Amino acid sequence: MSASSVIVLESVSKRYGSRAVVHELSFTVEKGEIVGFLGPNGAGKTTTMRMIAGFTAATSGRVMVAGRDMATENVDGARLIGYLPERPPLYDTLDVSAYLRFVAKVKGVRRAALPGEIERVATACRLEAVLRDEIFKLSKGYRQRLGLAQALLGSPEVLLLDEPTASLDPGQIQETREVIRAFGADHAVLLSTHILAEATLICGRVAIINHGRLLAIDSPAGLQRAMEQTNQVLLRVTAEPSALRAVLLSVEGVHAVNLRTDGADAGVWSVECQVEAREGVEAAIARAVAGRWDLHQLERRQPTLENIFLRYVQDLPERGAAA
Amino acid sequence: MSGTRAVFQKEIATYFRSPIAYYVVAVFLLGSGYFFLYNIFLGGETAMAGTFQNMGVLLLTLAPVISMRLMATEYSAGTAELLLTLPLTPWQIVLGKFLGAATILLLIIAGTLVDLIPLYFFGTPETTTILAGYLGFLLLGLACLAVGLLFSTVTHNQIVAALLTAAVLLGFWFVGHLQTFQTSAVVRGLVGYLSFSLHFTDFIQGLVRTEGVVFYVVVAAIALTLSAGYLQWRR
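Taken in sequence, the protein lines are chains X and B.
The first sequence begins at 1 in my numbering and counts up by one.
The second sequence begins at 1 in my numbering and counts up by one.
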C-alpha cells in the first residue's frame with residue numbers, strides 16, 4: 001500500500017450465512033490508475049464492488065476508500081465514490097434531468113453548480129438528446145449511459161463500474177471507454193468486466209478473481225510474462241512419432257509433449273510442447289528436430305489475456321467452493 | 001438536512017409522476033365526501049365527529065397503499081443500491097421518505113377542508129373540536145405511515161408490505177375491543193392504551209390528551225427508528 005492508494009482492501013472476506021463469497025481479498029488501486037476486475041459469473045466481483053461502495057459490509061478485513069474505513073465511515077466515504085452497479089439504478093418515473101439533479105444534490109453539488117454539472121456529465125455520456133425524457137422510455141444503451149453519468153456526478157475520487165459497457169453498441173462502447181480512460185487519468189477506477197479485450201485496452205492492471213479469491217493482479221503484459229513460464233511451442237514435423245516424442249522430451253526445458261496426426265498430410269505430426277519460459281528453448285527444439293526430420297513449422301505461442309484468464313480460473317476450480 | 005430534502009423532493013416527484021398519489025387522494029376524498037354527506041343529510045349530524053370516525057377507517061385502508069412502495073420498490077428496482085451508496089445516513093433516507101408520504105396525508109387533509117364550508121354555512125360547529133379531530137387524524141395518519149414505512153423497509157415486495165401494514169394497523173385499530181372480554185384492569189388498560197381507535201375517539205370528541213399525542217408520536221418514532229436501524233443492519 002502506498003500513499004497514493006485510494007482503494008485499499010486488506011484481507012477482506014464476506015460470508016452470507018455459512019456461504020463464503022469473498023475470501024481474504026487484498027489489493028489496492030492507486031490514483032490515476034484503472035484496474036480491471038476479471039472473473040467468471042459468481043466469482044465475487046459484484047460483492048467486492050458492493051463492499052467498496054459501502055452497500056454491504058465486509059464480514060472481516062478492512063475496506064478503505066481515500067483513508068475512510070467503509071465499515072464505520074461509509075457516508076463520508078460515499079462522498080468520494082461514483083458507483084455504477086451491474087444493473088443501472090434508475091427511477092423509471094423520473095426524467096433524466098430530474099434523476100441527475102437528485103443524485104447531484106445528494107452528492108453535495110451546490111445549487112448554483114447543478115446545471116453546469118448535469119451538462120458536463122450529460123455531454124460526456126452523450127445524453128443531451130434525452131435530458132427531458134422519462135427514464136422508462138430510454139433504450140438499454142441510454143440507461144447504461146445514464147447510470148455512468150450519475151456515477152460521474154460530483155467528480156468523485158473513486159469510480160466503481162460494474163460491467164459499464166454492457167448493453168452498449170460498438171460505437172457507444174468506444175465512447176464509454178474514452179470517458180473512463182479520461183476519468184482514470186487522475187482518479188482511481190475499478191471496473192469489472194467480462195470483456196477481456198476491454199481490460200487489455202483501458203486497464204493499467206488486471207485483477208483475476210474466482211470463487212472469491214484473488215488469483216492474480218498485474219498489468220496485462222505482466223500477466224502474459226508470468227504465464228509464459230509455462231507457455232507452449234507448436235511444431236509440425238514429418239517424423240516417426242515415438243522417436244520424435246523421445247527426442248523432444250530429451251530437450252532441456254521441455255516438460256510435456258502432445259502429438260496429433262495432421263489430417264492433411266500423412267506422416268506429418270502436429271506437436272504441442274509445454275516448455276519453460278526462457279529464451280532459447282524453441283531454438284534447442286529446432287536443432288534437435290531439424291537434423292533428423294523435416295521441420296515444417298515452429299512457433300512459440302504467446303498467451304493472450306483470454307488464455308491467461310482461462311488458465312487462472314481453471315487451475316483452481318474448487319478451492320473457493322470447498323471453503 | 002440537504003440529504004433528507006433531496007430524498008423528500010425525489011419522493012414527491014416519484015409520487016406525482018405515478019398514478020398512486022392521485023388514486024389515493026381521489027379515493028379518500030370521494031370516500032370521505034360520501035360519508036360526510038351521509039352523516040350530514042341522512043344522519044342529521046351538524047359536526048364532523050362521524051365523518052372523522054369514517055375518515056380514520058378509510059385511512060387504515062389507504063395508508064398501506066401510500067407507504068407500500070416507499071422502500072420495497074427501491075429494492076425491487078435496484079435503486080436501493082444507489083440510495084444506500086450515496087452519502088446519506090439511514091435516518092436521512094427514512095425521514096425523507098416519511099416526509100414524502102406525510103405530504104400525501106397533508107393533501108388529503110387539505111382536500112377534506114372543503115367539507116367545512118357547508119358545515120359552517122348551515123350550522124355552528126365547534127371549531128376547537130374540529131381542530132382536535134384534525135390533529136388526531138394527522139397524528140393517526142403519521143403513525144400509520146411510519147408503520148407502513150417499516151414494513152416496506154423490511155420486505156422487497158410492496159404487496160406483502162401493504163398486506164402486513166394493513167394487518168398490523170387493523171390490529172391496532174380493533175385491539176381496544178378486547179377490553180370488553182378482559183377482567184384484569186391491567187390488561188384492559190394496556191389494550192386500551194394500544195388502541196388507535198380509542199385515542200382517535202378522544203381527539204374527535206375534542207379531547208386533546210397528552211397521553212394520546214404521546215402514543216401516536218411514540219408509535220411513529222419506534223417505527224421510524226426500526227426502519228433506520230434495519231437499513232443500517234442490512235449492510
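Don't read these hints as lab results, they were simulated from the structure.
In this text, all values refer to a predicted model and were calculated from it rather than measured experimentally.
There's no promise every hint is true.
[Claimed, not checked] With a Cα cut of at most 25 angstroms, we get these calculated SDA-like pairs of lysine to any residue:
hint, chain 1, residue 1, chain 2, residue 2
1, X, 137, B, 131
2, X, 31, X, 222
3, X, 137, B, 115
4, X, 31, X, 169
5, X, 137, X, 262
6, X, 31, B, 20
7, X, 137, B, 20
8, X, 137, B, 23
9, X, 140, X, 215
10, X, 140, B, 23
11, X, 140, B, 110
12, X, 140, X, 67
13, X, 140, X, 108
14, X, 140, B, 17
15, X, 31, X, 218
16, X, 137, X, 80
17, X, 137, B, 157
18, X, 137, B, 77
19, X, 31, X, 19
20, X, 137, X, 166
21, X, 140, B, 179
22, X, 31, B, 167
23, X, 137, X, 108
24, X, 31, X, 61
25, X, 140, X, 112
26, X, 31, X, 47
27, X, 31, B, 13
28, X, 137, B, 211
29, X, 31, B, 23
30, X, 137, B, 75
31, X, 31, B, 17
32, X, 31, B, 76
33, X, 31, B, 22
34, X, 137, X, 112
35, X, 140, B, 22
36, X, 137, B, 87
37, X, 137, B, 125
Against the structure, the hints come out as follows:
Note on residue 137 (chain X) and residue 131 (chain B): the hinted pairing is violated, with a Cα-Cα distance of about 46 angstroms set against a maximum of 25 angstroms. Between residue 31 (chain X) and residue 222 (chain X) the CA atoms are separated by roughly 20 angstroms; this keeps the pair inside 25 angstroms, and the hint holds. A C-alpha spacing of about 41 angstroms is found between residue 137 (chain X) and residue 115 (chain B), which places the hinted pair above 25 angstroms, so the restraint is violated. Only pairs whose Cα atoms come within 25 angstroms are accepted, and residue 31 (chain X) paired with residue 169 (chain X) is rejected, the gap being roughly 29 angstroms.
For the suggested pair residue 137 (chain X) and residue 262 (chain X), the alpha carbons sit about 56 angstroms apart, so the restraint of at most 25 angstroms is broken. Taken as a hint, the residue 31 (chain X) and residue 20 (chain B) pair is broken in the structure, with Cα atoms around 46 angstroms apart against an allowance of 25 angstroms. Restraint check for residue 137 (chain X) and residue 20 (chain B): the C-alpha separation of about 19 angstroms stays at or below 25 angstroms, so the hint holds. A hinted pair counts as satisfied when its Cα atoms are at most 25 angstroms apart, and residue 137 (chain X) with residue 23 (chain B) qualifies at roughly 23 angstroms.
Using a Cα cut-off of 25 angstroms, the hinted pair residue 140 (chain X) and residue 215 (chain X) is violated, with the two alpha carbons roughly 33 angstroms apart. For the hint linking residue 140 (chain X) to residue 23 (chain B), the alpha-carbon distance of about 30 angstroms lies beyond 25 angstroms, and the restraint is violated. For a cut-off of 25 angstroms, the pair hint linking residue 140 (chain X) to residue 110 (chain B) is broken: about 41 angstroms separates their Cα positions. Among the hinted pairs, residue 140 (chain X) with residue 67 (chain X) is inconsistent with the structure: their alpha-carbon atoms are about 36 angstroms apart, more than 25 angstroms.
For the proposed pair residue 140 (chain X) and residue 108 (chain X), the alpha carbon gap of about 28 angstroms is over 25 angstroms, so the pair is violated. Proximity of residue 140 (chain X) to residue 17 (chain B) is assessed by CA-CA distance (about 21 angstroms); at most 25 angstroms being required, the pair is judged to hold. Proximity of residue 31 (chain X) to residue 218 (chain X) is assessed by CA-CA distance (about 16 angstroms); at most 25 angstroms being required, the pair is judged to hold. Distance restraint check for residue 137 (chain X) and residue 80 (chain X): the Cα-Cα separation of roughly 31 angstroms exceeds the 25 angstroms cut-off, and the hinted pair is therefore not satisfied.
Between residue 137 (chain X) and residue 157 (chain B) the alpha-carbon distance is near 24 angstroms, which keeps this suggested pair within the 25 angstroms criterion. With a CA separation close to 15 angstroms, the supplied pair residue 137 (chain X) and residue 77 (chain B) stays within the 25 angstroms bound. With a C-alpha separation of about 33 angstroms, the suggested pairing of residue 31 (chain X) with residue 19 (chain X) is violated against the 25 angstroms cut-off. This hinted pair checks out: residue 137 (chain X) and residue 166 (chain X) have alpha carbons roughly 18 angstroms apart, not beyond 25 angstroms.
Between the alpha carbons of residue 140 (chain X) and residue 179 (chain B) the distance comes to roughly 58 angstroms, so the proposed pair goes past 25 angstroms and is violated. Of the supplied pair hints, the one linking residue 31 (chain X) and residue 167 (chain B) is violated, its CA atoms being roughly 53 angstroms apart against a limit of 25 angstroms. The hinted pair formed by residue 137 (chain X) and residue 108 (chain X) fails the criterion: a straight-line CA distance of about 28 angstroms is larger than 25 angstroms. Using a Cα cut-off of 25 angstroms, the hinted pair residue 31 (chain X) and residue 61 (chain X) holds, with the two alpha carbons roughly 22 angstroms apart.
Between the alpha carbons of residue 140 (chain X) and residue 112 (chain X) the distance comes to roughly 31 angstroms, so the proposed pair goes past 25 angstroms and is violated. Between residue 31 (chain X) and residue 47 (chain X), the direct Cα distance comes to roughly 22 angstroms. Compliance with the 25 angstroms bound is thereby established for this hinted pair. Restraint check for residue 31 (chain X) and residue 13 (chain B): not satisfied, since their Cα atoms lie roughly 37 angstroms apart, outside the 25 angstroms limit. For the given pair, residue 137 (chain X) sits about 51 angstroms from residue 211 (chain B) by alpha-carbon distance, which is inconsistent with the 25 angstroms threshold.
A hinted pair counts as satisfied when its Cα atoms are at most 25 angstroms apart, and residue 31 (chain X) with residue 23 (chain B) does not qualify at roughly 51 angstroms. With a C-alpha separation of about 21 angstroms, the suggested pair residue 137 (chain X) and residue 75 (chain B) falls inside the 25 angstroms cut-off, and the hint holds. At most 25 angstroms may separate the alpha-carbon atoms for a hinted pair to count; residue 31 (chain X) and residue 17 (chain B) exceed this at roughly 41 angstroms. For a cut-off of 25 angstroms, the pair hint linking residue 31 (chain X) to residue 76 (chain B) is broken: about 34 angstroms separates their Cα positions.
A C-alpha spacing of about 49 angstroms is found between residue 31 (chain X) and residue 22 (chain B), which places the hinted pair above 25 angstroms, so the restraint is violated. Distance restraint check for residue 137 (chain X) and residue 112 (chain X): the Cα-Cα separation of roughly 29 angstroms exceeds the 25 angstroms cut-off, and the hinted pair is therefore not satisfied. Between residue 140 (chain X) and residue 22 (chain B) the CA atoms are separated by roughly 30 angstroms; this puts the pair beyond 25 angstroms, and the hint is violated. Distance check on the hinted pair: residue 137 (chain X) and residue 87 (chain B) sit about 28 angstroms apart at the alpha-carbon level, beyond 25 angstroms; violated.
Using a Cα cut-off of 25 angstroms, the hinted pair residue 137 (chain X) and residue 125 (chain B) is violated, with the two alpha carbons roughly 52 angstroms apart.
This entry does not satisfy hints 1, 3, 4, 5, 6, 9, 10, 11, 12, 13, 16, 19, 21, 22, 23, 25, 27, 28, 29, 31, 32, 33, 34, 35, 36 and 37, going by the numbered hints stated previously.
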